[in-house]
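Novice: Using the sequences provided together with the hints, build the complete structure.
2 protein chains.
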Amino acid sequence: MSTTSSSSPWRTLKIGIIGFGTFGQFLSKTMIKQGHSITATSRSDHSQLCHDLGISFYRYIYIYIYIVCVFHVFITCFATPRDMDRFLEAENDVILLCTSILSLSNVVNSIPLHRLKRPTLFVDVLSVKEHPKEVLLQVLPPELDLLCTHPMFGPQSGRDSWEGLNFMYDRVRIRDEAVCSSFLQIFARKGCKMLEMSCEEHDKLAARSQFLTHTIARVLSEMKVESTPIDTKNFQTLVQLKETTMNNSYDLFSGLFIHNKYAQEELKNLEVALEKVKQNLLDRMNEELDPSVSKH
Amino acid sequence: MSTTSSSSPWRTLKIGIIGFGTFGQFLSKTMIKQGHSITATSRSDHSQLCHDLGISFYRYIYIYIYIVCVFHVFITCFATPRDMDRFLEAENDVILLCTSILSLSNVVNSIPLHRLKRPTLFVDVLSVKEHPKEVLLQVLPPELDLLCTHPMFGPQSGRDSWEGLNFMYDRVRIRDEAVCSSFLQIFARKGCKMLEMSCEEHDKLAARSQFLTHTIARVLSEMKVESTPIDTKNFQTLVQLKETTMNNSYDLFSGLFIHNKYAQEELKNLEVALEKVKQNLLDRMNEELDPSVSKH
Ligand SMILES: NC(=O)c1ccc[n+]([C@@H]2O[C@H](COP(=O)([O-])OP(=O)(O)OC[C@H]3O[C@@H](n4cnc5c(N)ncnc54)[C@H](OP(=O)(O)O)[C@@H]3O)[C@@H](O)[C@H]2O)c1
Ligand SMILES: NC(=O)c1ccc[n+]([C@@H]2O[C@H](COP(=O)([O-])OP(=O)(O)OC[C@H]3O[C@@H](n4cnc5c(N)ncnc54)[C@H](OP(=O)(O)O)[C@@H]3O)[C@@H](O)[C@H]2O)c1
Chain U
1 MSTTSSSSPW RTLKIGIIGF GTFGQFLSKT MIKQGHSITA TSRSDHSQLC HDLGISFYRY
61 IYIYIYIVCV FHVFITCFAT PRDMDRFLEA ENDVILLCTS ILSLSNVVNS IPLHRLKRPT
121 LFVDVLSVKE HPKEVLLQVL PPELDLLCTH PMFGPQSGRD SWEGLNFMYD RVRIRDEAVC
181 SSFLQIFARK GCKMLEMSCE EHDKLAARSQ FLTHTIARVL SEMKVESTPI DTKNFQTLVQ
241 LKETTMNNSY DLFSGLFIHN KYAQEELKNL EVALEKVKQN LLDRMNEELD PSVSKH
Chain C
1 MSTTSSSSPW RTLKIGIIGF GTFGQFLSKT MIKQGHSITA TSRSDHSQLC HDLGISFYRY
61 IYIYIYIVCV FHVFITCFAT PRDMDRFLEA ENDVILLCTS ILSLSNVVNS IPLHRLKRPT
121 LFVDVLSVKE HPKEVLLQVL PPELDLLCTH PMFGPQSGRD SWEGLNFMYD RVRIRDEAVC
181 SSFLQIFARK GCKMLEMSCE EHDKLAARSQ FLTHTIARVL SEMKVESTPI DTKNFQTLVQ
241 LKETTMNNSY DLFSGLFIHN KYAQEELKNL EVALEKVKQN LLDRMNEELD PSVSKH
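Chains as they are written, first to last, in full-length UniProt numbering: chain U, 1 to 296; chain C, 1 to 296.
Hint data in this document are derived by calculation from the structure and do not stem from the laboratory.
The reader is advised that the hints may include incorrect statements.
[To be verified] The calculated DSSO-like cross-link candidates involving lysine-lysine, where the alpha carbons are at most 27 Å apart (straight line), are:
(1) Lys204/C - Lys268/C
(2) Lys190/C - Lys224/U
(3) Lys224/C - Lys268/U
(4) Lys261/U - Lys278/C
(5) Lys242/C - Lys261/U
Specialist: Now the structure itself:
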């Protein structure tokens, strides 16, 4: 597609980031270098960092409303209007959602969308894709464009270069081609491998790859596996994998599980495979230790 | 220790390799380059390869004797005398055991040791260490020296260089320092990190590192995990780890389990850790999906 080629035309954009945590900060640095103009809003106070980066920051504060029913307390929330209003009124070309997977629905539902002054492209970067697509299609009025993306890298793997790193995207509802193309150019120009793919296809593949990788890293961490004086190269690789993966928040890991419908099945597959490997070892051990069985 | 420094004196050795499979072949190539003179013996016919490498090859053939008891068939075996005799009479300085972990005991018990014409250093390279130490101390007469070693690398990880790769050794019974030192120099001169350590300490650490790595690779292989179009860097690392580890024989993997007394415990630890990670995910999912629980 023409949008994915690094030689396609592009223009600088006004990008408003919602959720200025680890990943939002990481992306913003490249965007600033490319000349895009950034504003940000987040639950926590990132004003000092934003000031240092030259980003206008608008903090929003949730107001939780507890609805007490016979047996349950239902919780709903919305953002305090003043700062979020000013953030939305900044007339961004793109609103980039970089919140955690688990908070996306609450965050999106608390945006006073009527404050938007112009058609805007909504983009999310969540590590699961069907969930944000569903939530956003439900909440966004039809005149707002939607691009669902997953940059398959983070502050560690993309620290030195984005060259050759995978960038998945699904053009869910795009009318303003120029804005969408300019946004994709942020990644294409950095050398990312641009992969257009449905959100469903992404989730199927990512449960088998990314979720599995995170699960193995969490298991190694649970076991307190550390470097030894007699490491093999492959074991060193595992220790490093554990360490880089554990830099991600637990929210991110549990989001990969809770909001990817294929993840439960992959967790089951992992358990079954471990059980099979163990059973084969025990069978082999019994063969070896039972002198009545012919070996080799 | 002076034996581990790459500047220690050394001389070329006559080395007889028992077990000329993947790893024996791999080691022999470096030894030949360093000027050592190699002979080999093995169960299978490696005569053509040995001819190409300039190695004298003596094939031995097991003779199995089945002793039928009331309920069991006991199996014992010895090597055919002629070729093994000629191998032993070649007056080697070192006999290097490169057989599989599972076959070591049979192989060692079938060597007609009385054919040795001179004191000889026995060295093993098995990936477990207490087991060969015990077997060899039981079988070798006290005038034969014994060095137990584990080069923590193989044909893949040591393909381009051995620089910085770990080499573990335990000087179990050494009188001829010159021969032992010259043997260790093979690895020290190639830049290996020389680590003197007891066989027990090795097995404790290796169950947690190497056995765990192999188990994870076997589990990924059991799951038929393959590269996807949207791999993250860490997932690519896992796929590569699976592929390089699966080049090792199943005999090697099961040997790591059956003859390292710490391996069963580590397998259990792995299962428990996976169960814990799963339980935490399910608890978190219930929290998220139960609106009566306060989140975030
Ligand atoms: N890290 C990566 O390598 C990577 C790569 C690709 C995609 N992603 C995706 O990028 C997004 C952000 O990831 P992350 O690494 O920064 O860590 P994360 O833990 O997944 O998300 C942290 C972000 O979520 C916000 N947040 C968390 N709980 C919230 C709540 N209850 N209400 C409002 N906001 C909330 C945080 O806001 P405050 O900072 O204001 O508290 C912060 O901006 C995630 O969707 C993740 O899947 C991450
Ligand atoms: N591969 C590595 O990266 C590596 C690294 C460090 C240490 N090691 C150790 O090196 C040794 C050899 O490893 P490997 O990779 O070559 O593969 P392996 O499958 O562990 O062992 C293959 C060798 O064992 C011999 N063998 C197997 N069953 C036998 C039997 N019943 N009777 C007699 N000989 C038998 C084979 O002889 P034939 O070829 O004649 O059939 C071959 O020489 C193992 O103890 C392993 O733990 C391997």
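Novice: Could you check the structure against the hints above and give me the numbers of any it violates, in ascending order?
Specialist: 2
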